[in-house]
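Novice: Quick note: the sequence shown uses this note's numbering, first residue 1, plus one each step.
Quick caveat, the hints were computed from the structure, so don't treat them as lab data.
Note that the structure is a prediction, hence the values are computed from the model and not measured.
Treat the hints with care, since some could be wrong.
[Unchecked claim] DSS-like mimics (lysine-lysine), calculated; alpha carbons at most 27 Å apart, straight line:
1. K11 - K174
2. K174 - K103
3. K178 - K103
4. K133 - K87
5. K106 - K133
6. K87 - K110
7. K11 - K106
8. K106 - K178
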Amino acid sequence: MAKPKKVYDVKPVKGMETELGLLAAMLQDGTTEWRGELGRIGPNGIVWQPFENGHSIGAILLHIIDVELFWLRQVGASEEIDPAVWKQLLTYETNVDAVKWPKPPKKPLKWYFDLHDQHRKETLAVLKNWQDKPSAVRMRRENGFTLRWLLHHVIAHEAYHGGQAVLLAIQYRKEQAKLRASTSGG
């Protein structure tokens, strides 16, 4: 058998229970994947919405952070999140089910990634402190959620919305190319 040029693997995050560490590593790997696909996009592309109250890359990125904090830190770790954080993430202005997305701050993509990285670092530190088994249950209202499910949910949620952000970037670039062509006479 030929030796592979590169071997792809996901190894559990060090210092964590193996099963949860593997899920945390998958979360990290997924983030790296969609960020790479997103590519470079300026602040105008970050705030662009294809229709009124529609998705934007910036609002989606804030929502990804919001959901991670809610499920892993608030529900999973019983952490009280500072109301200023929810405000920054536009938590109360966003209604995903009603497709009501606010205009996000017109900032560079790096600002969003730095914010995400800051919260991810804090989340991983919290996850390392989870001493319970992956099957341990956390309650929210009348429902129970295992730690394993909480991580799975955040992984799936981020993959879904990360893909949306990538598609929005593609659509924005195409719209800009059409606009340039129409104004240049081409």
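Novice: Indicate, hint by hint, whether the structure satisfies it.
Specialist: Against the structure, the hints:
1. K11 - K174: Violated, because 38 Å separates the two Cα atoms, which is more than 27 Å.
2. K174 - K103: At roughly 21 Å apart (the allowed maximum being 27 Å), K103 and K174 satisfy the hint.
3. K178 - K103: Distance of about 23 Å is within 27 Å: holds.
4. K133 - K87: Violated, at roughly 33 Å.
5. K106 - K133: violated, 42 Å
6. K87 - K110: holds, 20 Å
7. K11 - K106: violated, 36 Å
8. K106 - K178: Given that 27 Å is the threshold and the Cα spacing comes to 23 Å, the pair holds.
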